[in-house]
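Undergrad: Letter by letter, the chains look like this.
Number of protein chains: 4
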Amino acid sequence: MTIVGHFINGEARSDSERTQDVYNPSTGEVSKQVALASKETVEEAIAAAQAAFPAWRNTPVGKRAAVMFRFKALLEQNADKICQLIGDEHGKICHDAAGELQRGIENVEYACGVGELLKGEHSKNAGPQIDSWSEFQPLGVVTGITPFNFPAMVPLWMYPMAIACGNTFVLKPSERDPSSTLFIASLLKEAGLPDGVMNVVNGDKVAVDTLLEDKRVQAVSFVGSTHIAEYIYTTATANGKRCQALGGAKNHAIVMPDADLDNAVNQLLGAAFGSSGERCMALSVAVAVGDATADALITKMSEGMKALKAGEASDKSNDFGPVITRAHQQKVVGYIDSAEKDGATIAVDGREVSVSGYEDGFFVGATLIDNVTTDMVSYKEEIFGPVLQVIRVDTMEEAMALINEHEYGNGTCIFTRDGEAARYFSDNIQVGMVGINVPLPVPVSYQSFGGWKRSLFGDLYAYGPDAVKFYTRRKTITQRWPSSGVREGVNFSFPS
Amino acid sequence: MTIVGHFINGEARSDSERTQDVYNPSTGEVSKQVALASKETVEEAIAAAQAAFPAWRNTPVGKRAAVMFRFKALLEQNADKICQLIGDEHGKICHDAAGELQRGIENVEYACGVGELLKGEHSKNAGPQIDSWSEFQPLGVVTGITPFNFPAMVPLWMYPMAIACGNTFVLKPSERDPSSTLFIASLLKEAGLPDGVMNVVNGDKVAVDTLLEDKRVQAVSFVGSTHIAEYIYTTATANGKRCQALGGAKNHAIVMPDADLDNAVNQLLGAAFGSSGERCMALSVAVAVGDATADALITKMSEGMKALKAGEASDKSNDFGPVITRAHQQKVVGYIDSAEKDGATIAVDGREVSVSGYEDGFFVGATLIDNVTTDMVSYKEEIFGPVLQVIRVDTMEEAMALINEHEYGNGTCIFTRDGEAARYFSDNIQVGMVGINVPLPVPVSYQSFGGWKRSLFGDLYAYGPDAVKFYTRRKTITQRWPSSGVREGVNFSFPS
Amino acid sequence: MTIVGHFINGEARSDSERTQDVYNPSTGEVSKQVALASKETVEEAIAAAQAAFPAWRNTPVGKRAAVMFRFKALLEQNADKICQLIGDEHGKICHDAAGELQRGIENVEYACGVGELLKGEHSKNAGPQIDSWSEFQPLGVVTGITPFNFPAMVPLWMYPMAIACGNTFVLKPSERDPSSTLFIASLLKEAGLPDGVMNVVNGDKVAVDTLLEDKRVQAVSFVGSTHIAEYIYTTATANGKRCQALGGAKNHAIVMPDADLDNAVNQLLGAAFGSSGERCMALSVAVAVGDATADALITKMSEGMKALKAGEASDKSNDFGPVITRAHQQKVVGYIDSAEKDGATIAVDGREVSVSGYEDGFFVGATLIDNVTTDMVSYKEEIFGPVLQVIRVDTMEEAMALINEHEYGNGTCIFTRDGEAARYFSDNIQVGMVGINVPLPVPVSYQSFGGWKRSLFGDLYAYGPDAVKFYTRRKTITQRWPSSGVREGVNFSFPS
Amino acid sequence: MTIVGHFINGEARSDSERTQDVYNPSTGEVSKQVALASKETVEEAIAAAQAAFPAWRNTPVGKRAAVMFRFKALLEQNADKICQLIGDEHGKICHDAAGELQRGIENVEYACGVGELLKGEHSKNAGPQIDSWSEFQPLGVVTGITPFNFPAMVPLWMYPMAIACGNTFVLKPSERDPSSTLFIASLLKEAGLPDGVMNVVNGDKVAVDTLLEDKRVQAVSFVGSTHIAEYIYTTATANGKRCQALGGAKNHAIVMPDADLDNAVNQLLGAAFGSSGERCMALSVAVAVGDATADALITKMSEGMKALKAGEASDKSNDFGPVITRAHQQKVVGYIDSAEKDGATIAVDGREVSVSGYEDGFFVGATLIDNVTTDMVSYKEEIFGPVLQVIRVDTMEEAMALINEHEYGNGTCIFTRDGEAARYFSDNIQVGMVGINVPLPVPVSYQSFGGWKRSLFGDLYAYGPDAVKFYTRRKTITQRWPSSGVREGVNFSFPS
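Protein chains in written order, with the UniProt record's numbering: chain P, 1 to 496; chain Y, 1 to 496; chain F, 1 to 496; chain V, 1 to 496.
Think of the hints as simulated: they come from the structure by calculation, not from any bench.
This one's a predicted model, so the numbers in the text were calculated from it and none came from an experiment.
One or more hints might be untrue.
Identical chains share a label here; the pair holds if one copy fits it or two copies do between them.
[Said to hold, decoys possible] No more than 27 Å apart at the CA atoms, straight line, and that leaves these computed lysine-lysine pairs for BS3-like:
hint, residue 1, residue 2
1, K380, K215
2, K380, K39
3, K453, K39
The shape of chain P in the complex, shown without the other chains (with noise of 0.2 Å):
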């Protein structure tokens, strides 16, 4: 069986002792094997990854943006292999995996110009003949820690630009889809990056504790489950290293009565079903503001509901495909199944989806569940299902507060065409990434991500402007020179 390893100093690489599992969540079987690498693993790819520095670091701003133009091309070159992959590890359908790859990509674009971006302060005459100016240098070998849901995109919102800043890289990515990740980073080699720049190891907890406590690392950059993001973000800063640490979600929409209610519904079904509801930025949660409001919403998507059709990666017709793991598609119906005994009304019931020829595969149905409370275990946590939850509200000052209320902050949005609604709606919500009629508001590439609350530790966000400065170190030159000798001709004997 194919045993997936790591990617070290411009070569692939496995250990051999420790391995686990891999499967193909349509058919729920195992299909590979990853490697889980050893401490000393671990420490070989910091190794070369230390090692590579001084001279990439050196390496003029103009080659290293070189190889992300080339990075970039190789990466459409590959779409249909790496969506591949995606789909075979992760389950998501292959317009999906196409569209989180042109995210990713986005990402090397935006490193592409940072001859622009790594632009420092210069101040002429700070101080009499003092000339003062900020270069932003890079801090080392950085690493990042990502997630199963992106196994192409999150890992491309870090080290393309960590790398273009000048940095090198290890990468330690989910041991759930790994393949996606190691072929893309491997594709760096071919579009000229020097050996050792970048590195992946596969891993469990071994791995991110090597890389948490080794003085080498100079920053870590983690996407996950608040509960671990939170783990990392002590530990690593435990370790005084710089972190950003992005945890969990629950995201809502409110629907206003004066919202296009059919344009609501077709933003809801793609927000709140795509990618089986595996997304940081899934809305999980629909506020309708009036009852009126929440009647009319509720027949609508069960309406557009039964189109949906859950299946197998490959088949684009597919609206999405299974869960990641057997346990997790146990766990989206323990939610559902709370919900309901909680008093909630299952309005469209996926528990019982059934893909044919797919019997085993880790498939949930799209859900909708009405009269959700805030009390309930299932409106608290985060779900990561294809369950939509909708909360009936008398106003949007209560829609507002409940959303302030929750311990999450990632993303949110507000159905309406009021101006008004609209600016007040995102002036005071507590929340990173706001939608206007957008459900599900991903900054572009030029822009950062982030959550807030319990959504994001540190203070600097991924990918955009944020991570520029987040993969470099300011320094600061104040430079005086002294008396006019050459310029005056004191030294006018100087052998030339």
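Assemble the complex: chain P is given as a structure, and chains Y, F and V must be docked to it using the hints.
TA: Same frame as chain P, but now just chains Y, F and V:
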């Protein structure tokens, strides 16, 4: 005896229960008591800040800036009083206190430009008919914990910008010289700042820990010793907060053979002994390249040091004052003793200094130590006294290597007139603030202040542009308006 | 009779040969004479500016900013005097003059942040061991030519930033109300500006042409009518100078059926009649969408206009004052006559206004004209008086089309609460400054001011970030240091 | 014979009426004809651009950038063909053409980052509940008029950014070597650019004047000689357009006594004779400080020049090719004659060069002239040939004075290793692009290109950040939403 209390919700306040002595270090006498806030008092300050936040964040940017313009004017009008308060409790000479205050005022001036600095990033047509923009919203309640050595300046690095950005603030200044800090903060009320936006609590670890643990506090700025900085950073981040913690320093100057030595000596005198060396940017090590350079440096420094005069704060003819406490005086002397014992040469000895009329003051004379080596304790640790140590090396590479190997990386300087040497040095030295013939390369207020390695924990620096990022949280709004209803007349019958 | 002269090289100056009457427009009487500079006098001012340039450009940025901080304080201290001077010669009511001055002061405040604004772009490792950076250096002698309607504010758009950037300045203000401008400029000397950096020459075409043709003048900023703006732009550029020339306006407000009409009417009253409509941002045309909207607008405006009171400048209870001259009064009345003759309906007629005690003042009462069409002369030309014309259209598209077809494109506004209409309007309207429910969308001091089409000639706008670009010239320095001589000891024997 | 035509609305086009010879300057033979567009043809191109504008400006930024990414790839794939076309018509050696193309591609790469570059400035709470932001909207139809010496690069300075910003373009390239320019532009169609967005018209003054006078053309970018640049600037601005017009140059290098002379000579060989000196950044004057420096420079240069080889474009072993025309060849020789007549010393004489097999080519050999003085015609005017003139001065001040007195201020360089001399030079020299030991200080693509004095007319430079400003127009939107109707339920009964 005067008790220096707190400033909470616009009013002077004092806990009666716990106090601590405040000394006049020039006389060695206790001059005041400072209140040590209880947990409850600190929580009251936090509550006041929390309550003041909603209105303050909604105050237009221009009105927030207007407070800063008035604050600047008040600081200038009250400069003499502030400098006297600093001199009485810290001991620095009035001209030095005036310099400190001026640097602090420059941070207020930078905060006056908050309209420019807070500009968000607006992306038109990020998608089809979709606009997206990032706002930099204030965090809420933020805190600063500041050291004794710059009681006016370091707090002014923090709260003017924090407040200008729309946050509310709780400051915990040094309990050793609290009066100037407290007085300055009270001027903000006179400048028109609403009550509760700025609060000061004096105290000790009780106050610090309360601030670090309280859920309402969003961010922590700290300046002090590395040991405490590390504690602050670890604790604040473990509590989910963003944190910037600036620690200790050991700042080296390389003196190259081609340096303008008279100029270098003049610069070093001030940089090593000013403020008794109690500056995190003090130059405490001179690295002479070549014995000829070293010999000439020792000769000229010894000569120059003859004119230096330690003394009481209010006498402008003095060059520097006492150190902060009796214990610190003994610690500094102890470092000189240990250097001597370890084999270094005491070229100029300040241990026996006595200031007429101030025999009980905590004075240490300017001290020059030659033949220091990197294994000596006096080299490894931060002395924070008027002591300049000289290390002799053969090459610039050797000089740079020892700087790069030191645990601190705050400031450094090279004396040369060679463009190539200067560029190589500034590029490769692992230090955050670099001077080319500038011994105290403190960045101007529109750059940012921060060291590398164990001199700073976090990713954003103090004051300048980084402070704007530190005291705000990005919110990205993505907006698409639905069909053209009103515009095309669908809703033409709306009541107007 | 007082002769208003010039301010050259730090001293008040007066040509004796040619003068012109200055009126008090409230009384209709000549109150002063203004000197009209000869070519020689203007050249003297240019020479003073040229001589002051080298030292001023080398003055550290912080010291240049310090002058602006003091200037701001002096403007505030002298506000009453300034407003009185404006009132006496321009006629605007004191509260309006105070508003003008405040806007002007905000431009001084923005110039206080010049340290931030002048930052150059620094590119490390642009090539192998090659750094490159751009500095924004001052131009030298620059000039401003300003209109009567904002004698304080418009000059303050120009010279504070020009001077803060290191340039020296010659201002040619309006000869109709020169006193406040001259007085304000003289405060710069009190603020510590070196003589010669700022100079004012009063005058007519002789002065203007001298400034446009003199080789030493590097740049020209102009605000006035389009006819003159075009002349200035063509002449200045033909003389090889950079130039920004702001011209006339015809600012339309679209009133949508869903607008909050009471709010709209309140806003329109001030925007149309404030300062007698003598503002380039005055709203002079309301475009009502639908007859119902138009009828309601006419009714409510007519009602609201009953309370408006024209009168003398120093009486705060007045809403607006006289127009600037007898000739202009007659011209405004002529436009109303022509509209009437062309078939428009005079809904409120201000032609016969008489102000008790000021019967000879140049007053025109607030006038509302309904049923205006785009072929009328009163629509095509800028009236610059207290006259609001109403055009009735059936659709928003129609409203936008007529705005886009007008030769001017300075300001505009839409009244609506619909997000989609607002976005469509602001995206597609061919106007530089756009209000959404804001009738006078004058940009804040940290944005820039400029119209489109024939309202502005040039590519950089007035004040704000554009002004920094306009008043500086990019210099890009590319630096590579040759072999490591000094660093590696080749020149070790340099005398030290 | 091939007729090189136009590219209008996505199609190759040719006027039949007027044509002009295109030469192969290596052979001296006519190789093609170029069509000279009539006024009607140019207007057709403008009309096509105008028609394409509305859809293109509304195309999301990312899609516009995607065209640039594909265009870059196509330029790389077609590099050999492009370089051959350049060689055939311009005569520059293929490695030099490749360098030109690479520089051009870097401008396309910069345009790929347009998402970042177009970000507007967003000000939240500029007033009470008032937000304000500036968008940078495209202008409409813009034009570029480009010279023969960089037929690939200079057009690529202009239209990629103009188009990426949302404008449509009409290019009028040099009629002397039109083929590469035309071919490159046609690749944009292959890259997916909609028809009409990019158009090329070949022609002469008829075409130029049509572009300058047509009301639909919003902006003009020009690169060429100063005489024409001035005409373009004056005419375009007199027609109310924004314009940037780059003219001629006379670039000096100062050689200081402490310079690394071997390095300086190596640099000067390429900088003076590369591309036969037909570069606006060519170094045509060396100013030697001190006779010892001058003597050594002449000796080493003469030695180095022995190895230089003029020849035909496709032979990589050649160093430079012919000049552009027979007339220009004679003009260059005439300048050498005149210098000789005026008393200069012809140290190396290239007048009699003959290239075997290309005896009728327009070749001039590398020429070194010593003892040049500032009163000689050969010094005052731009030669634009492979001629380096040496001026001897006694001091650096003298060297700088003569540079500052020259009418041009494009590029310059100093050779020194002294930090103070370098800083003094770069600060005070009146030249836009300054090299420290870099003889051709052409800014990287993310800085901007422009000279001072009569080397550039206008205020915004070519390519880089300035180009973004030049090709966009600021629109500032100020937004306040009225009362909270929808939000607070007033309109609750809206049909949903």
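Undergrad: Does each hint hold? Answer for all of them.
TA: Now for the hints, and whether the structure bears them out:
In this homomeric assembly, K380 and K215 come within 27 Å of each other (Cα to Cα) only across copies, at 20 Å, whereas the closest approach inside a single copy is 38 Å. Proximity of K380 and K39 under a CA criterion of 27 Å is satisfied in neither setting, with 37 Å inside one chain copy and 32 Å between copies. When the C-alpha separation of K453 and K39 is checked against a cutoff of 27 Å, the pair qualifies only between copies, where the shortest distance is 25 Å, while the shortest distance within a copy is 33 Å.
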